[in-house]
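Undergrad: Next come the chains, spelled out residue by residue.
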Amino acid sequence: MSDAQEMTLEEREASIGGIGTARKRKEDARFIRGQGNYVDDIKLPGMLHGDFVRSSHAHALIKSINSEEALKVEGVLAVITAKDLEPLSLHWMPTLAGDMAAVLADKKVHFQNQEIAFVVATDRYAATDGIQKVVVEYEALPPLIDPKTALDDDAPIIRDDVADNDEVGQGKRHHPNHIFEWQVGDKEATDAAFEAADITISEDIAYPRCHPSPIETCGCVASMDATNGKLTVYGTFQAPHVVRTIVSLITSIEENKIRIVSPDVGGGFGNKVGAYPGYICAAAASIVTGHPVKWIESRIDNLSTTAFARDYHMTGELAADKDGKILAVRAKVLADHGAFNTHAQPMKWPAGFFNIITGSYDIPVGHVKVDGVYTNKAPGGVAYRCSFRVTEAAYLIERLIDILAQKTGIDKAEIRMRNFVQPEQFPYNSCLGWEYDSGDYPTALKTALKAVDYDGLRKEQAEKREKGELMGIGVATFTEIVGAGPVRNCDIVGLGMFDSCEIRVHPTGSVIARLGTKSTGQGHETTFAQIIATELGIPSDNITVEEGDTDTAPYGLGTYGSRSTPVAGAATARAARKIRAKAKKIAAHVLEVTEQDLEWEIDRFKVAGSDVSITMKDIAMAAYSNIPEGMEHGLETTDYYDPPNFTYPFGAYICVVDIDRFTGDVKVRRFYALDDCGTRINPMVIDGQIHGGLTEAFAIAMGQEIVYDETGNVLGASLMDYFLPSAVETPEWETDFTVTPCPHHPIGAKGIGESPNVGGVPAFSNAIVDAFAHLDVTHMPMPHTQGKVWKLLNELGLNK
Amino acid sequence: MSSQKISLTINGESVEAEVEPRTLLIHFLREELNLTGSHIGCETSHCGACTVDLNGKSVKSCTVFAVQANGGELVTIEGLANGTEMHPLQEGFYEAHGLQCGYCTPGMLIRAYRLLQENPDPSDDEIRVGISGNLCRCTGYQNIVEAIRYAADKINQAEGAD
Chain Z
3 MSDAQEMTLE EREASIGGIG TARKRKEDAR FIRGQGNYVD DIKLPGMLHG
53 DFVRSSHAHA LIKSINSEEA LKVEGVLAVI TAKDLEPLSL HWMPTLAGDM
103 AAVLADKKVH FQNQEIAFVV ATDRYAATDG IQKVVVEYEA LPPLIDPKTA
153 LDDDAPIIRD DVADNDEVGQ GKRHHPNHIF EWQVGDKEAT DAAFEAADIT
203 ISEDIAYPRC HPSPIETCGC VASMDATNGK LTVYGTFQAP HVVRTIVSLI
253 TSIEENKIRI VSPDVGGGFG NKVGAYPGYI CAAAASIVTG HPVKWIESRI
303 DNLSTTAFAR DYHMTGELAA DKDGKILAVR AKVLADHGAF NTHAQPMKWP
353 AGFFNIITGS YDIPVGHVKV DGVYTNKAPG GVAYRCSFRV TEAAYLIERL
403 IDILAQKTGI DKAEIRMRNF VQPEQFPYNS CLGWEYDSGD YPTALKTALK
453 AVDYDGLRKE QAEKREKGEL MGIGVATFTE IVGAGPVRNC DIVGLGMFDS
503 CEIRVHPTGS VIARLGTKST GQGHETTFAQ IIATELGIPS DNITVEEGDT
553 DTAPYGLGTY GSRSTPVAGA ATARAARKIR AKAKKIAAHV LEVTEQDLEW
603 EIDRFKVAGS DVSITMKDIA MAAYSNIPEG MEHGLETTDY YDPPNFTYPF
653 GAYICVVDID RFTGDVKVRR FYALDDCGTR INPMVIDGQI HGGLTEAFAI
703 AMGQEIVYDE TGNVLGASLM DYFLPSAVET PEWETDFTVT PCPHHPIGAK
753 GIGESPNVGG VPAFSNAIVD AFAHLDVTHM PMPHTQGKVW KLLNELGLNK
Chain C
4 MSSQKISLTI NGESVEAEVE PRTLLIHFLR EELNLTGSHI GCETSHCGAC
54 TVDLNGKSVK SCTVFAVQAN GGELVTIEGL ANGTEMHPLQ EGFYEAHGLQ
104 CGYCTPGMLI RAYRLLQENP DPSDDEIRVG ISGNLCRCTG YQNIVEAIRY
154 AADKINQAEG AD
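Residue numbers (my numbering), protein chains in the order written: chain Z, 3 to 802; chain C, 4 to 165.
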């Protein structure tokens with residue numbers, strides 16, 4: 003206590019390492035030494051390895067599966083098929099979207115590389131040997147690959163198991179390949195606005211199928227302890243508690259007999275939210291063999307079977323007046339969900355929060371219709387580094403407003419200024435049902451335009467066009483909706499999407515905190531400690547943050563959709579405040595004053611107008627030794643936070659590209675990203691998140707696509723073909739910020755991890771189209787590969 | 004399957020082992036020797052998570068057989084620090100926020116370790132080319148470039164002072 007008293011207020015503040023500090027990361031110590039503990043690093047005594055026999059066909063009946071030769075292979079112990087899982091009712095599993103998905107192909111295969119049999123062996127080499135020897139006899143069926151033909155009368159029926167059902171978990175449907183129809187907005191008023199408008203634009207805009215592809219693939223180690231009947235599953239889970247509940251529901255094992263542990267996870271980006279056949283088969287194999295069983299996905303398995311994203315085929319329309327003021331928005335979407343509806347979003351939202359297509363703009367009326375369909379492709383539809391279908395929505399509106407600018411001849415920055423929701427309009431109720439909490443869009447864009455000398459860039463562009471050179475300026479002013487979410491309208495299998503934090507203050511004034519979320523690289527061990535540090539005046543270095551073990555952490559819905567800081571971060575601040583409230587009572591008791599006499603000062607309670615104070619460290623000891631009568635001992639609490647609203651991070655991005663008209667090579671000359679994520683907890687971590695998100699946006703815009711041929715062969719499911727940019731292609735990023743605190747979040751934070759992906763993709767796309775805008779090009783399909791750009795150059799005769 | 008005897012030096016220590024000829028070096032390291040710092044990300048030598056230093060060269064241990072390393076000298080992430088003293092590269096990654104999920108980090112560090120011996124004072128562009136065989140999904144590389152720059156400067160200053 004004496005040391006602290008000699009410090010100035012500023013020194014005390016700095017010693018805390020709280021909110022706003024660019025604190026170095028606590029988790030780095032193990033990672034830079036190769037001491038991380040990822041799932042494939044886990045080795046248990048007697049552990050076996052399992053891997054899959056996979057389908058070579060996209061659509062076929064299974065006539066027979068012959069495991070005889072496989073079982074003769076040295077080291078192979080079992081070959082598990084759907085028939086073996088059927089008595090346990092584990093051959094199919096319920097999805098997060100109300101559908102069923104085959105764990106192992108049951109009588110037919112629905113997509114290439116679908117799991118058919120699980121070979122269990124003493125090591126991974128023996129498992130692979132066994133897989134080679136399993137003989138599957140198929141009867142090929144016509145595959146359905148193009149979603150645009152899915153609802154044709156003569157389309158092949160993909161899901162015989164539900165062909166006669168008039169719904170598959172998300173409302174009425176009208177065709178065996180139809181999954182859902184989802185509408186929002188006022189159709190009549192929107193149609194009328196389009197009828198009456200001076201200017202309308204319409205564009206078919208596809209967001210191709212891509213994949214999150216973290217460097218660590220999915221995997222697990224399942225271990226059934228026969229002596230106590232407890233199943234432990236270590237795995238790559240972004241939402242460990244949800245996994246525990248789902249495993250309990252489908253296996254009928256009580257939840258107290260299931261322990262789910264997410265060890266260090268090597269990136270998630272949405273890939274690790276869902277439940278996959280590998281998890282179920284490893285658990286079943288462990289139950290059957292009595293040994294721990296490991297399953298680790300290969301990269302090809304990862305890209306071709308688990309968790310694709312997007313595949314949204316959109317038609318977007320805007321109605322506007324002559325000044326470019328938007329009067330109405332309309333969108334029709336065909337959503338390709340693959341063979342099973344395993345998309346991972348809050349269950350009442352079959353198209354996620356796609357109705358955020360109003361973006362940052364004050365649009366009086368709108369209508370959205372989304373139809374989901376089955377195809378013979380891998381199932382999924384995850385939110386790849388974005389909130390649920392928010393990147394699709396942002397891409398659509400940010401492309402549409404550029405097209406409107408070209409049609410009206412209004413500058414692309416100016417048309418945004420004319421349409422922004424104004425700061426004084428918040429809270430703003432959008433025509434498609436959201437209450438935007440806060441924002442200052444004009445300031446963000448003005449700051450961005452000034453930072454890049456936008457007028458100068460436009461001048462340079464005009465000069466270059468005179469010379470026949472191609473330069474593009476992409477503007478994107480996006481608004482996200484993240485932090486799912488309010489329990490009144492967000493749930494997963496009935497579980498409200500709250501989140502949680504438990505804080506325990508030890509007698510000597512250090513802390514352990516546990517949360518229902520799970521960091522997959524975002525740095526929760528560092529940043530959540532900073533929130534507690536500021537709230538409790540305890541140095542962040544003395545605060546341990548733990549996540550991912552369902553035996554110890556309070557229940558939470560996990561990390562995805564930028565929900566950790568908006569939801570669990572709020573729970574953290576509130577838990578700390580509950581502790582501080584108790585601490586204040588103890589302080590009053592120890593100092594023999596009333597609570598009203600006390601004021602909080604960085605790390606202590608002080609008697610107002612005097613030098614008498616007691617630090618949080620000393621209060622902690624008192625909580626275990628000297629408490630007021632009637633109070634319980636200890637200094638710990640748990641908070642479950644149900645957010646009153648989503649958060650709405652926003653930003654203004656500007657991308658400048660130069661295109662070689664002979665080769666189609668696109669050089670990103672400059673990328674400036676201004677983000678407003680509300681209160682900034684750790685600027686260093688925020689910048690890191692933005693760099694990473696922009697790089698993923700660059701990858702999506704410029705090259706990522708999971709392509710199928712007409713027979714359903716997945717083309718290029720390896721890193722030879724699927725584009726993960728290296729340091730050479732990746733541009734330099736410039737970051738900037740404004741701060742508009744979230745009015746309903748305890749510390750005003752909004753979330754940052756996904757903004758750069760959501761805003762980045764349209765910024766790249768808009769820049770490339772802008773390079774051709776003077777030639778009446780209004781849209782180009784993503785991804786903007788060099789080949790596609792060259793093709794356009796060739797069509798326009800620009801490469802001559 | 005018949006096995007073959009190999010002997011090699013790993014992080015300065017002599018290792019002798021019997022391995023199947025088809026055993027990949029990464030599996031030998033991770034599963035036989037419990038050196039789990041090097042990771043597997045693709046099995047096709049694209050991602051670089053498995054990068055180790057073999058006989059003075061960066062190699063992707065997912066596409067090298069353990070028997071090919073026979074008689075070789077190997078450095079892995081576990082051998083980068085000098086006891087408890089971090090290598091300047093490790094320090095640089097910590098200081099410059101050059102990692103997030105940490106999965107690509109060991110391979111990236113071991114590649115950078117060789118890069119700085121090949122080119123002790125690389126430009127930013129040379130660093131980018133030098134690490135282009137190692138993929139990262141989290142950081143966008145910018146801070147990794149800074150981290151390597153930090154280490155290069157630190158090593159060069161220390162050598163200048165000698």
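Hint data in this document are derived by calculation from the structure and do not stem from the laboratory. Heads up, some of the hints might be wrong.
Said to hold, decoys possible - The list that follows gives simulated cross-link-like pairs (lysine-lysine, PhoX-like), each with its CA atoms no further than 25 Å apart:
# : chain 1 : residue 1 : chain 2 : residue 2
1 : C       : Lys-157   : Z       : Lys-26
2 : Z       : Lys-109   : Z       : Lys-65
3 : C       : Lys-157   : Z       : Lys-28
What the hints assert, rightly or not - Listed below are several chain Z residues computed to face chain C (Cβ distance under 10 Å; list not exhaustive):
# : residue
4 : Phe-33
5 : Pro-216
6 : Gly-270
7 : Val-687
To be verified - Far from chain C, by Cβ distances over 10 Å, these chain Z residues were calculated:
#  : residue
8  : Pro-366
9  : Asp-613
10 : Leu-696
Note that the Cβ used here is the ideal one computed from N, Cα and C, for glycine as well.
Undergrad: Holds or violated: are the alpha carbons of Z/Lys-109 and Z/Lys-65 at most 25 Å from each other?
TA: Roughly 7 Å separates the two Cα atoms, so the pair holds.
Undergrad: Going straight from one Cα to the other, do C/Lys-157 and Z/Lys-28 come out at no more than 25 Å?
TA: The hint holds at about 22 Å.
Undergrad: Hint Z/Gly-270 vs chain C: min CB-CB distance below 10 Å?
TA: It holds, given that the least Cβ distance between Z/Gly-270 and chain C is near 8 Å, below 10 Å.
Undergrad: Given the proposed pairing of C/Lys-157 with Z/Lys-26, does the C-alpha separation stay at or below 25 Å?
TA: 19 Å, holds
Undergrad: Please verify that the nearest CB of chain C lies beyond 10 Å from Z/Pro-366's CB.
TA: 39 Å, holds
Undergrad: Beyond 10 Å from chain C, beta-carbon-wise, is Z/Asp-613?
TA: At about 39 Å from chain C, Z/Asp-613 clears the 10 Å cut-off, so the statement holds.
Undergrad: Hold the hint about Z/Pro-216 up to the distance rule: shortest CB distance to chain C must be less than 10 Å.
TA: Interface hint status for Z/Pro-216: holds (6 Å vs cutoff 10 Å).
Undergrad: Quick one: work out the minimum CB distance from Z/Leu-696 to chain C and report holds if it exceeds 10 Å, violated otherwise.
TA: 6 Å, violated
Undergrad: With chain C as the partner, please determine if Z/Phe-33 meets the hint condition of a C-beta pair closer than 10 Å.
TA: 3 Å, holds
Undergrad: The hint names Z/Val-687 as touching chain C; please verify it with the least Cβ-Cβ distance against 10 Å.
TA: 7 Å, holds
Hint 10 from the earlier list is the only one contradicted by this structure; the remaining hints agree with it.
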